[in-house]
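*Asks:* The lines below spell out each chain.
2 protein chains.
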Amino acid sequence: MAKGFQSLPGFRDFRPEDCAVRNYLFRTFREVARRYGFLEYETPLLEPTELYLKKSGGELSSQLFRFEDQGGRDITLRPEVTASLGRLAATVQRNYQKPIRWFEIGQCFRYEKPQKGRTREFYQFNVDLLGESNSGADAELIALSIELMRELGFLSGDYVIRLSDRSYWQAFGEKKGLSEEQTAELLQIVDKLERNKPEVTEENLSSLGLTADEVNTAIEQPEALGENLDNILANLEARGMRDEVEVDLSIVRGLAYYTGVVFEVFDARKSLRAVAGGGRYDTLISSLSDGSVDLPAAGFAIGDVVIRHLIEETPHAAAKMQEALEADKACDVFIVLADESKQLDALGLASKLRSAGIAVTYPLAPTKVGKQFKQAEQSGAQLARVGGNEFPELAMKTLSSRTEETITADADIADSILKRLNTTS
Amino acid sequence: MAKGFQSLPGFRDFRPEDCAVRNYLFRTFREVARRYGFLEYETPLLEPTELYLKKSGGELSSQLFRFEDQGGRDITLRPEVTASLGRLAATVQRNYQKPIRWFEIGQCFRYEKPQKGRTREFYQFNVDLLGESNSGADAELIALSIELMRELGFLSGDYVIRLSDRSYWQAFGEKKGLSEEQTAELLQIVDKLERNKPEVTEENLSSLGLTADEVNTAIEQPEALGENLDNILANLEARGMRDEVEVDLSIVRGLAYYTGVVFEVFDARKSLRAVAGGGRYDTLISSLSDGSVDLPAAGFAIGDVVIRHLIEETPHAAAKMQEALEADKACDVFIVLADESKQLDALGLASKLRSAGIAVTYPLAPTKVGKQFKQAEQSGAQLARVGGNEFPELAMKTLSSRTEETITADADIADSILKRLNTTS
Numbered sequence: 189m190a191k192g193f194q195s196l197p198g199f200r201d202f203r204p205e206d207c208a209v210r211n212y213l214f215r216t217f218r219e220v221a222r223r224y225g226f227l228e229y230e231t232p233l234l235e236p237t238e239l240y241l242k243k244s245g246g247e248l249s250s251q252l253f254r255f256e257d258q259g260g261r262d263i264t265l266r267p268e269v270t271a272s273l274g275r276l277a278a279t280v281q282r283n284y285q286k287p288i289r290w291f292e293i294g295q296c297f298r299y300e301k302p303q304k305g306r307t308r309e310f311y312q313f314n315v316d317l318l319g320e321s322n323s324g325a326d327a328e329l330i331a332l333s334i335e336l337m338r339e340l341g342f343l344s345g346d347y348v349i350r351l352s353d354r355s356y357w358q359a360f361g362e363k364k365g366l367s368e369e370q371t372a373e374l375l376q377i378v379d380k381l382e383r384n385k386p387e388v389t390e391e392n393l394s395s396l397g398l399t400a401d402e403v404n405t406a407i408e409q410p411e412a413l414g415e416n417l418d419n420i421l422a423n424l425e426a427r428g429m430r431d432e433v434e435v436d437l438s439i440v441r442g443l444a445y446y447t448g449v450v451f452e453v454f455d456a457r458k459s460l461r462a463v464a465g466g467g468r469y470d471t472l473i474s475s476l477s478d479g480s481v482d483l484p485a486a487g488f489a490i491g492d493v494v495i496r497h498l499i500e501e502t503p504h505a506a507a508k509m510q511e512a513l514e515a516d517k518a519c520d521v522f523i524v525l526a527d528e529s530k531q532l533d534a535l536g537l538a539s540k541l542r543s544a545g546i547a548v549t550y551p552l553a554p555t556k557v558g559k560q561f562k563q564a565e566q567s568g569a570q571l572a573r574v575g576g577n578e579f580p581e582l583a584m585k586t587l588s589s590r591t592e593e594t595i596t597a598d599a600d601i602a603d604s605i606l607k608r609l610n611t612t613s
Numbered sequence: 189m190a191k192g193f194q195s196l197p198g199f200r201d202f203r204p205e206d207c208a209v210r211n212y213l214f215r216t217f218r219e220v221a222r223r224y225g226f227l228e229y230e231t232p233l234l235e236p237t238e239l240y241l242k243k244s245g246g247e248l249s250s251q252l253f254r255f256e257d258q259g260g261r262d263i264t265l266r267p268e269v270t271a272s273l274g275r276l277a278a279t280v281q282r283n284y285q286k287p288i289r290w291f292e293i294g295q296c297f298r299y300e301k302p303q304k305g306r307t308r309e310f311y312q313f314n315v316d317l318l319g320e321s322n323s324g325a326d327a328e329l330i331a332l333s334i335e336l337m338r339e340l341g342f343l344s345g346d347y348v349i350r351l352s353d354r355s356y357w358q359a360f361g362e363k364k365g366l367s368e369e370q371t372a373e374l375l376q377i378v379d380k381l382e383r384n385k386p387e388v389t390e391e392n393l394s395s396l397g398l399t400a401d402e403v404n405t406a407i408e409q410p411e412a413l414g415e416n417l418d419n420i421l422a423n424l425e426a427r428g429m430r431d432e433v434e435v436d437l438s439i440v441r442g443l444a445y446y447t448g449v450v451f452e453v454f455d456a457r458k459s460l461r462a463v464a465g466g467g468r469y470d471t472l473i474s475s476l477s478d479g480s481v482d483l484p485a486a487g488f489a490i491g492d493v494v495i496r497h498l499i500e501e502t503p504h505a506a507a508k509m510q511e512a513l514e515a516d517k518a519c520d521v522f523i524v525l526a527d528e529s530k531q532l533d534a535l536g537l538a539s540k541l542r543s544a545g546i547a548v549t550y551p552l553a554p555t556k557v558g559k560q561f562k563q564a565e566q567s568g569a570q571l572a573r574v575g576g577n578e579f580p581e582l583a584m585k586t587l588s589s590r591t592e593e594t595i596t597a598d599a600d601i602a603d604s605i606l607k608r609l610n611t612t613s
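In order, the protein sequence lines correspond to chains A and B. Anchor point for the first sequence: position 279 equals 467 in this note's numbering, and the numbering is continuous, going up by one each time. Anchor point for the second sequence: position 136 equals 324 in this note's numbering, and the numbering is continuous, going up by one each time.
Next up, chain A with everything else stripped away, as it sits in the complex:
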């Protein structure tokens, strides 16, 4: 370990091999969003703190990187992106045709205890559909999340979409004569069903005049799912995506701002983690704009940390990623300089090849030829020898197959090498 500075706990350095994985995720996010007609946007990493206090509430507000700037403003590093999206959409939505299909990829910050699968910064892929209250929008988002999992190399049994609808619990509450506040309380209890002990749940429910039996029956033997869930299931069936979805009414998502359909992408194997999640938040934009803009909305988010672990633990997804990373070579051609006096010729060649889009490396300083060969071999590139016996011709060598041929260093050399790269890679 070198002496000197360390990075902060919970903050990651991305060495090139880590950054390549990050970029593979980002590329896949962007590609799937593109297929679904979504456009990328970005909002600031810093926002006025009240934006988060107003919106998120609860657990998040105790995990903020919050401080005062030099101008005395109370500001916060964003813990999530939906609040900023709501702020931005309220300001500019009138310029865009509805429904608005937008996505974002960027970092978020939460002061949590660092551990496996949990860092203090993480990247999030946010996908949102604004201006459409029909459940066709919810189905579209769920379909996008399934397409993303497929594109990342996951198979049907690897994950499951757990689908639910807060409206179901609203109707349940009304039937049981609960007030709005009591129904909100009920949602909190349902959200913690898996985490709390049965006796705690029973006690919490009894204060609402309910029993655990009633609630469990409502989850396990629902009388009717309601129009939204029925439509969504038929919609996904038509796309060939029904098998990936499971109605699970115990899912309500913690955050207070969800208003209707909610869902999670759930790891279906050993660790049973939520990989992604989201839902409908029809009142958030109105609330962030003091009621001046009323725009129904739904969205979901997926973080980079859990999905990376899940890929690495799932052999077929890991293999697909590995294949993509290997196609992303650092270098196509390594120029070996066999005769130092030909250095300027090598530079001219490098320049010509690079302008044609070929990735080229060469020794920046005088280097023994043996060492150059070794470096070329490590780089995984093809080797072009300048200044050998064949000069001014060029010897091209594929190190993996140990084959060599001579190429004429004429005006078309970039084309010849491009063809060579395409046939041997």
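To be clear, the hints were calculated from the coordinates, so they are not data collected in a lab.
For identical chains, the list gives no copy identity; a pair is met inside one copy or between any two copies.
Taking lysine-lysine and the DSS-like style, the derived pairs with C-alpha atoms no more than 25 Å apart in a straight line are:
| # | residue 1 | residue 2 |
| --- | --- | --- |
| 1 | K508 | K304 |
| 2 | K540 | K607 |
| 3 | K385 | K301 |
| 4 | K540 | K517 |
| 5 | K540 | K530 |
| 6 | K286 | K559 |
| 7 | K364 | K385 |
| 8 | K286 | K517 |
| 9 | K562 | K530 |
| 10 | K380 | K304 |
| 11 | K530 | K556 |
| 12 | K380 | K301 |
| 13 | K530 | K559 |
| 14 | K540 | K508 |
| 15 | K556 | K286 |
| 16 | K363 | K380 |
| 17 | K380 | K364 |
| 18 | K585 | K607 |
| 19 | K286 | K585 |
| 20 | K585 | K556 |
| 21 | K562 | K286 |
| 22 | K286 | K530 |
Chain A is already provided as a structure; the job is to place chain B on it using the hints.
*Replies:* Just chain B, lined up with the frame of chain A:
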């Protein structure tokens, strides 16, 4: 203007049309770095404050977004990336073949007065070469900066590389009998030549026993440039890049950590701004690792704000960008649903096309056919009509040319449409 929350002064929202420009810059940064054999890395946005106090000093340390986290740590949002790179390189460099070619694209934060061309956050493209002290490394970086300007659509006369070498002033100082501290002072005076009044410069120089005449002569009629600059000029000449470079010994770059060759990419037209800059910093990594790692290094950085302005002000560069942005359409195919009862057929079609990589939009909720046509037209996509007279055949329409043909909705429909898109776009 909607009521409600505003973003912080100096922080930008990237609506899709802004984000597309940002992504065009990022794509070009990545493409040029790839051709030069550089690999992408990333470091945290937050670092311990002392990392910046130790390295940068001067002006930067008064512009920090600096605060205490919940664990009582004195932390700072990075104002630049080289300090983090030095920290990371000191820790992991032994695992990588030298020279290390690394680049980074990420946000930085400085508390400055917001104005045109200056924001409180900006993206920076950082390119660094570690482990090579030969001036061939400096030339490689300068060449990369020129290739970047070319790739962004700039022509020779639009910009100039101002090239200099701090060693020249070291030699000048030694000849004049200056101490190390006095030479450092001289560099500060030279750095401010353009900004300070002549009488201030004269006075500052006289305290070192020098005159403005002596210094101006050293800049304008140098006796010899030294081996580094001579080699770099010959190197760039061999690449066909000599015309873009101008030796200008008045360039020394403000930051204290530069040790040798320095350069700036300079707007050669009306506004005369520095667009990018960098140089050699051979002692920084040693200093950040308490002397445990000694790695010569050189690098440069370019921000997104000034280069975007310069592109927009330069017609041929703006046209090249516009062309790239237009190729990046939001949507390939808009499915118009002529008969609501065929909604599930439309979903199946959307799903099939998307899996084949085609970007598809369709109405998420029941929408009048006339309105769907209007939406399709605005999206710029080709139109596929489902449920019209020709159903189960599919009517494909190119809105720009008003031509229509019928396509068979069979197993190969995605292929047929892909072929259609390639021939008509």
